[in-house]
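Number of protein chains: 2
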Amino acid sequence: MKILYGILVLFFLGIVINGYADNNSIAPSHGIVYPGGWKNWATIAVSHRNDNNTLRVILGNDVAVNAARSGNTNPWPDGAILGKVVWKDTQLKDWDEATVPGDFVHAEFMFKNSEKYFETYGWGWARWIGLKQKPFEKGMQVCIDCHTPVKNRDWVFTDPALLPK
Amino acid sequence: MKILYGILVLFFLGIVINGYADNNSIAPSHGIVYPGGWKNWATIAVSHRNDNNTLRVILGNDVAVNAARSGNTNPWPDGAILGKVVWKDTQLKDWDEATVPGDFVHAEFMFKNSEKYFETYGWGWARWIGLKQKPFEKGMQVCIDCHTPVKNRDWVFTDPALLPK
Chain A
1 MKILYGILVL FFLGIVINGY ADNNSIAPSH GIVYPGGWKN WATIAVSHRN DNNTLRVILG
61 NDVAVNAARS GNTNPWPDGA ILGKVVWKDT QLKDWDEATV PGDFVHAEFM FKNSEKYFET
121 YGWGWARWIG LKQKPFEKGM QVCIDCHTPV KNRDWVFTDP ALLPK
Chain B
166 MKILYGILVL FFLGIVINGY ADNNSIAPSH GIVYPGGWKN WATIAVSHRN DNNTLRVILG
226 NDVAVNAARS GNTNPWPDGA ILGKVVWKDT QLKDWDEATV PGDFVHAEFM FKNSEKYFET
286 YGWGWARWIG LKQKPFEKGM QVCIDCHTPV KNRDWVFTDP ALLPK
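Residue numbers (our numbering), protein chains in the order written: chain A, 1 to 165; chain B, 166 to 330.
Okay, chain A solo, but in the shape it has when bound (with noise of 0.2 Å):
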C-alpha cells in the first residue's frame, strides 16, 4: 500500500513536472504566462493559408477540447485556451501533390477570462515566435484586429474539425 502511494505521488510528479518544465525559462507575452504542456494538448482542426504559406493545427487545453466536443464555442468557456501553431508550408519530397510543416513561425495563443481580460474581448492574446519562443510584445491590438471578421464568434476563426463519437 505504502509502495502503491509512492508510485502514485510520483506519477503525479510527473505529470506536474512534464507540464510545466518549460514554464520556467520562457519569457511571458503581454504579461501572459507561457502555457508549459502545449505540446500534448489535443487537436481541435487543423488550417492552411495561401496568403502567408503556412499549415497549423488548431490545440486546446482540456477546458477547450471539451468545449469544442459538445458544441460550447460561443462563446467560449472561461479557462479556455487555444492554441495555433504555425510552420511554414513546404514541399514533400515524397509525394508530389502534398505539402507538410517546414520552418517553425510561431506557436500563438487565446486564454479566455470573460473578466480578467474584459477589455480585450474576454480574451488574453499571447504569441511566442520561432523555436526559441521569444514572447510577442507588439500588444494584443495586433492580435484583435486581425481576428476582427469573427468578433461575433466570440472573436475565434477556428470551427471545431468534425471527429467521430
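These aren't lab readings, by the way, just hints derived from the structure by calculation.
Keep in mind that the hints are not guaranteed to be accurate.
What the hints assert, rightly or not - No more than 25 Å apart at the CA atoms, straight line, and that leaves these computed lysine-lysine pairs for BS3-like:
hint	chain 1	residue 1	chain 2	residue 2
1	B	K258	A	K39
2	A	K84	B	K253
3	B	K281	A	K88
4	A	K132	A	K39
5	B	K253	A	K88
6	B	K258	A	K84
Unchecked claim - One-sided and incomplete, this derived list gives chain B residues near chain A with beta-carbon spacing under 8 Å:
hint	residue
7	A210
8	L220
9	V228
10	N231
11	D243
12	K299
13	E302
14	V307
15	P329
Unchecked claim - Label pairs and their calculated CB-CB ranges:
hint	chain 1	residue 1	chain 2	residue 2	range
16	A	Q91	B	P193	31 to 39 Å
17	A	Q141	B	F283	55 to 63 Å
18	A	A27	B	N215	34 to 42 Å
19	A	K165	B	E284	29 to 37 Å
20	B	G236	A	N40	14 to 22 Å
21	B	P242	A	N152	45 to 53 Å
22	A	G139	B	V198	47 to 55 Å
23	A	G130	B	G236	33 to 41 Å
24	B	G244	A	T90	44 to 52 Å
25	B	K258	A	I129	22 to 30 Å
Every residue gets a Cβ at the ideal spot worked out from N, C-alpha and C, and that includes glycine.
Place chain B on chain A using the hints.
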C-alpha cells in the same frame, strides 16, 4: 489518506474509461482493434494534399510521440502507433485565403510491431471510414502500395514537425 487513495483510484479509472470507451462499438480493421483514445493523442505533424483536396493531422500514441521528439523514427520503435486524421479541404468563410477541415473522411493508423507484423514490413495497417468509423477491409496491401515511395523511411511519409524544446 483513504480519501486521497479513493480519489486516485477514480482518477485512474477515468483514464481507462476515457481511453477505451469507444473501443467497444467499432469493429476491427484488418483484424486490428480500434485504438480508442486517439482523439486525445498529441500532434506529430499536419499535411495538405492537392491531389485529393484533403487536410490532415498526424497524431501519435505516447510511444510514437516520444520517438518523434527524440528523433528515433527510422525505424520507429515497437509499440508506436501513428494516426492520420483526414478531412476534405474546405474554404474558410471568414478568411479568403484560408482552408480548413470540412467533411470528415477517415482516420487511418500504422501499428509498429516488427515481429507480429513482419510480413507487412513491421507495421499493422488499419483504417476506419467516416464519422461512423466503418472498418476498411480491402487488405493491408492497399496501404502498403501507397507507402512504397517511403519504404526506406520505415514506410512513413511523416517527418515530425519542428517544435520548440
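Against the 25 Å threshold, does the CA-CA distance of A:K132 and A:K39 hold or violate the hint?
Judged against 25 Å, a Cα distance of about 14 Å means the pair holds.
Is the Cα-Cα distance between B:K258 and A:K39 25 Å or less?
violated (28 Å)
Does the Cβ-Cβ separation between B:P242 and A:N152 fall within 45 to 53 Å?
holds (47 Å)
Is the distance from the Cβ of A:G130 to the Cβ of B:G236 consistent with 33 to 41 Å?
violated (20 Å)
Is the hint on B:E302 kept, meaning its closest Cβ partner in chain A is under 8 Å away?
violated (18 Å)
For the hint 34 to 42 Å, verify it against the beta carbon of A:A27 and that of B:N215.
With Cβ atoms ~39 Å apart, the hint holds.
Does the beta carbon distance between B:K258 and A:I129 stay inside 22 to 30 Å, or does it fall outside?
This hint holds: roughly 28 Å between Cβ atoms.
Interface restraint verdict for B:A210 against chain A (beta-carbon cut-off 8 Å)
At about 6 Å, which falls below the 8 Å cut-off, the nearest Cβ of chain A leaves the hint on B:A210 intact, so it holds.
Go ahead and decide if the range 55 to 63 Å is satisfied by the Cβ distance of A:Q141 to B:F283.
holds (59 Å)
Would the pair B:K253 and A:K88 pass a check requiring their Cα atoms to be no farther apart than 25 Å?
holds (21 Å)
Using Cβ atoms only, decide whether B:N231 comes closer than 8 Å to chain A, and label the hint accordingly.
violated (11 Å)
Within 31 to 39 Å or not, the Cβ separation of A:Q91 and B:P193?
Holds - the Cβ-Cβ distance for A:Q91 and B:P193, about 36 Å, lies within 31 to 39 Å.
Of the numbered hints stated above, those contradicted by the structure are hints 1, 3, 9, 10, 11, 12, 13, 14, 23 and 24, listed in ascending order.
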